[in-house]
Each structure stands twice: as C-alpha cells, then as structure tokens.
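A.B. asks: If you want the building blocks of each chain, they are given just below.
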Amino acid sequence: MDVVNAILEKNVNSNKSISVHKDLELEIDEGTLLASDYNVFDKENLRSSQDTYLKNLTRDNVQVLINKIWMLQTERVDEAIVGILPKPVFVLPRARSVPKPKPLTKWQQFAKEKGITSKKKNKSKVTWDEELEKWIPKYGYKKAKADEQKEWLVEVNDPTKFTNGEDPFTASKTAKREKQAKNELQRLRNLAKAKNVKLPRVGIPSTEHFRDARQLAAATTIARASTASVGKFQSRLPKEKDAKDIASHVPGIKKKRKEAPLSVVQEKQRNKKLAESILRSKSTILHVDAPVPSTKSAKSSNSGGKKKSSKKEGKGAKKPKGGKGKRDLRSKVGGRKRR
Amino acid sequence: MKRLSEERTKLVFEKLTKYLGDNLKVLIDRPDGTYCFRERKDRVYYVSEKILSLASTVGSDHLVSLGTCFGKFTKSGKFRLHITALNYLAPHAQYKIWVKPSAEQQFLYGHHIAKSGLGRITENTPQYQGIVVFSMNDLPLGFGVTSKSTADCKHADPMSTICFHQADIGEYIRSEDTLL
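Chains as they are written, first to last, in the UniProt record's numbering: chain S, 1 to 339; chain F, 1 to 180.
Just so you know, these hints were derived from the structure itself, not from any lab.
Among the hints, erroneous ones may be present.
[To be verified] Using C-beta positions, here's what the derived DEER-type ranges look like:
(1) F:124 to S:254: 45 to 55 Å
(2) S:273 to F:172: 33 to 43 Å
(3) S:254 to F:25: 28 to 38 Å
(4) S:276 to F:53: 24 to 34 Å
(5) F:157 to S:210: 58 to 68 Å
(6) F:154 to S:276: 31 to 41 Å
(7) F:172 to S:232: 50 to 60 Å
(8) F:41 to S:270: 14 to 24 Å
(9) S:276 to F:124: 18 to 28 Å
(10) S:210 to F:53: 45 to 55 Å
(11) F:53 to S:273: 21 to 31 Å
(12) F:41 to S:254: 28 to 38 Å
[As the list claims (entries may be wrong)] Once the Cα atoms are required to be at most 27 Å apart in a straight line, the calculated DSS-like pairs of lysine-lysine come out as:
(13) S:182 to S:145
(14) F:10 to S:273
(15) F:72 to S:258
(16) S:112 to S:179
(17) F:2 to S:273
The structure presented is a predicted model; accordingly, all values stated were derived computationally and were not measured.
Glycine included, every Cβ here is placed at the ideal spot set by N, Cα and C.
Take these sequences, add in the hints, and give me the full structure.
C.D. replies: Structure, rendered in structure tokens:
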C-alpha cells in the first residue's frame, strides 16, 4: 500500500491544480495573449532560490492565461478545437519608426500657402456623358476609348478650336502629347525637389542665379570663352575684365605671371628709371609755365596746363577747389571759403 | 613689409616730384647707402637697407614703424604725404615759403596762409605748386600748395590765401594717433 500511496502522492504533486490564487488578479488581454502580473515579488524566495521561484511563478501565470483561453468561445474546424480571440485591447508599440510625411508637390505647397482646398470631398471618378449616354471615367481606363468614340468626326472650319489648314486630329494629338510631357516634367521636378536634387537652370537667369557680382563676372567670362575659338573673336564691353578666380579653369585667359622679387639694387635701378620718366613728363609741363611774363595770361595758361596735377592733390577737408573759385568774377576777396 | 608695386611707386614719386622736382633723384640715389621704399598696411616707409635687414628680424605683428613714414595710400588708392616726410622734403624742396612769426601759429593750427602772413617766397613759383613752409628763422613748419603764383602774390590783397595748408608739424600733437 505504501508504494501505491507514494506513487499517488507523486502524481498529485506533478499534476498541480489549475486554480491559482493571486492577491491581485492578473490583467489579461486575450487578443494579444498577454497576461500582466502586478503582484509584488516574494523577496526572500527570489533571493534564496531564484530559478525555481520564477519558474513556479511563470507556470502559475500561464495557467491563469490558459484558463481564460479555455473560457473563450470555441469552434471546431476539421476536428480541431479553435478558440476565437477577441479584439486586442493592449496597444503594442510600433516596431518601426513613424513614416515621414510625403513632401508636398509644388502645386500642393502653393495651394497650402494660398489656402486653396478642393471643395468636393468625395468626387466621383465617373461622369455622365450625354452624347454617349454612358458613365465615363474622368481619366484612366476606358477614358481614351470613350474619347475616340466621341470625336469620330471633327468640324474642320471651327475657328475657335483650330487654325486653318491644320489637321484637327493631329492637333489634338500633339496637344495631348504636350500636356503629357508637361505633366511628366512637373512630376520629375517634384521628385527632384523631394529628393533635393539640383536641376539645371531653365530660362532667363535672374538675380537668384547670380548672388553677387563675382558670380556674374565668372558667368560672363565662361560664356565668352565658350566658342569654338575660345572667345578669341568675341567682342568685349568697354572696361570689361576677365573674372580672376576662375582663370585656371577657363582656357584662353591670360594669366599674369608674378614678378620675381627684385634685389635691392634692381629695385633702386627700377626706381631711378621710374623717377626719370616721371621727371621727363613733368618738366615739359613746368617748361610751359615758366616763361610767362604777365600775371593775367599766366593765370589762364596755368589753369589750362596744370588742371590735371591739381586734381590729383587730395587733402582731406581743406581740399583746394582747383580753379573753381575763379568762376565768380565779382568777389576778388580770398581768405576763408564762404559756403 | 612689402616692396612697393610699380604703379604705387609711380604714385609716390609723382607726389614727391610736386615738392622736390628734380631733387627726387637725390632720395633714390644716395651716397650714404641704399635706401628703398617699403609698404606696410598701406603706409609707405623710406628705409635704409641696413635698418631694413634689422627690421626683418621683428615679427610683422610687433613692428610698428621703421625708417621714415612718407605717407599712406588712401582707400581710394591715392597717395597722401604725412608730416613725417618733412625731414626729407624740407632740405630738397624746390619752392619754399617763409612765414612771418605772427602767422606761424595760424599755420601750425591747420589754417591756410594768407598774404598778410607771407614773409618770403621763392621766385617764379607757379600756381598750385607744392611748397615747403618755413618760419623766418628757417625752421620747416609744414608743406602745402600755392594758390597763387609769385607774380600774382604781389597784387593779391592781404587777406587772400597764398598757400593751401596740407600738413604742419602741429599734427604731431593734433593727430598723433593717426600718423603712424
């Protein structure tokens, strides 16, 4: 008997009861098969025998969950009992990041700025065509066919639609092709804008293209050099100069070679030459002035001959107004300038 | 410390010839050694070669001045003489004006010279000629430009301006901070 009892005891131990006592009821969401246990851990047990404690705890909780599942409505599908899960209550966090909003097209952006909204919310895709007495889609499948049927005959001499002598069918065809091309261009442009791709410029360049004068100068220089003869026969505007910073990239621009540093003796020689040339040009002017006998004629000749040199002399606030004061013939009084 | 470019040298020389005339060559070709013009921060310095080699050992940030500052290039690219150039202008000047002691102060305060203050003037001075101004006991006071030729001065009335002021030694005090 002892043996039987022992075996029975073993069996009782191995088959644990399905009813589990919990201080706090588990929160169970059958939809996601989730059970959340908010009970406090038994600290002593957790420390002394962690593995067995956690194992038992998990077993109990799973038992509670399975009890709940058995309480669900069941169905029999091909000799298998299937429980029907209700809608999940627990909101699982997203596995992936939230997708970014699609970049707006140019029109959408414009409409947003101007506050333009399409009035019809649920626009139908089809319209009633009275000619054909049929519902015809506005675009896409079967639209082209319907158009073909509608326009099987076109009046040639309709001045509002077609210019004289033009084949109306080809005209409409080209118009459609142009429309498609335009649409495609706009689509690509929107795509480029969304991907931040720089497009080649189209049309007349504006200030947007040339932010400062140097860019403009560079553009003109490159444009001039962009001929078969590298701009050799291109005429220049008065005082037009090549842009400096792009000389290495543009062929045909004369590069000024930097002078080799002069020695002191060479420099002196150069200065001497320079001084002599200046004095030579100067002396001729002085010579004209020198032998003037009378005062009046001297004045006139002086003001004629020396005007250039007097102009060069700048000296701050007290700048002599070369010859200008003489315009007023009545006042011969000098001294302080009255303004 | 830069060499003056050819264009800038030309500007400097043209300005100097207004005061020195042919004596400009004396500054370039000196018997007591080689002198050259150097440019730093738009200021033009007249330096002997010896001092130049010494100055090359000083870092550019620490170098305030060397030799004699002749003047500076303005932002518009003109060359303007400073009063510091007077040391070289005065002995070699072609045309001179001597100022009476009574008018000295007026000139040193930055005013033009009136006929009444005119002591002496070099013969045959043309109009608008750069001149050096001296006191009656031959102390150089500054420089300027004649507004009248010597012949005209004789008939001018006493209050009329004879010489336009350009620089005077009073500037050493008045514009001490801008001279260097």
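A.B. asks: Should the hint that residue 210 of chain S and residue 53 of chain F are 45 to 55 Å apart at their CB atoms be regarded as holding?
C.D. replies: For residue 53 of chain F against residue 210 of chain S, whose Cβ atoms are near 49 Å apart, the range 45 to 55 Å holds.
A.B. asks: Is 21 to 31 Å right for how far apart the beta carbons of residue 53 of chain F and residue 273 of chain S are?
C.D. replies: At roughly 24 Å between Cβ atoms, residue 273 of chain S and residue 53 of chain F fall inside 21 to 31 Å, so the hint holds.
A.B. asks: Taking 28 to 38 Å as the stated bounds, is the beta-carbon spacing between residue 41 of chain F and residue 254 of chain S within them?
C.D. replies: Since residue 41 of chain F and residue 254 of chain S have Cβ atoms about 31 Å apart, the given range 28 to 38 Å holds.
A.B. asks: Could you grab the alpha-carbon distance between residue 2 of chain F and residue 273 of chain S and see if it respects the 27 Å cut-off?
C.D. replies: It holds: about 20 Å lies between the C-alpha atoms, which stays within 27 Å.
A.B. asks: Just to be sure I understand the hint, the distance between the Cβ atoms of residue 276 of chain S and residue 53 of chain F should be within 24 to 34 Å; is that true here?
C.D. replies: holds (27 Å)
A.B. asks: Okay, residue 41 of chain F versus residue 270 of chain S on CB: inside 14 to 24 Å?
C.D. replies: holds (23 Å)
A.B. asks: Does residue 112 of chain S pair with residue 179 of chain S here, judged by a C-alpha cut-off of 27 Å?
C.D. replies: holds (24 Å)
A.B. asks: Take the C-beta atom of residue 124 of chain F and the C-beta atom of residue 254 of chain S, compute their distance, and say whether it sits inside 45 to 55 Å.
C.D. replies: holds (48 Å)
A.B. asks: For residue 273 of chain S and residue 172 of chain F, compare the CB-CB distance with the range 33 to 43 Å and indicate the outcome.
C.D. replies: Taking Cβ atoms as reference, residue 273 of chain S and residue 172 of chain F lie about 35 Å apart, which means the hint holds.
A.B. asks: Does residue 72 of chain F pair with residue 258 of chain S here, judged by a C-alpha cut-off of 27 Å?
C.D. replies: Holds, at about 24 Å.
A.B. asks: Take a look at whether the Cβ-Cβ distance between residue 154 of chain F and residue 276 of chain S falls inside 31 to 41 Å.
C.D. replies: Taking Cβ atoms as reference, residue 154 of chain F and residue 276 of chain S lie about 35 Å apart, which means the hint holds.
A.B. asks: Is the distance from the Cβ of residue 172 of chain F to the Cβ of residue 232 of chain S consistent with 50 to 60 Å?
C.D. replies: With Cβ atoms ~58 Å apart, the hint holds.
In this structure, every one of the numbered hints holds.
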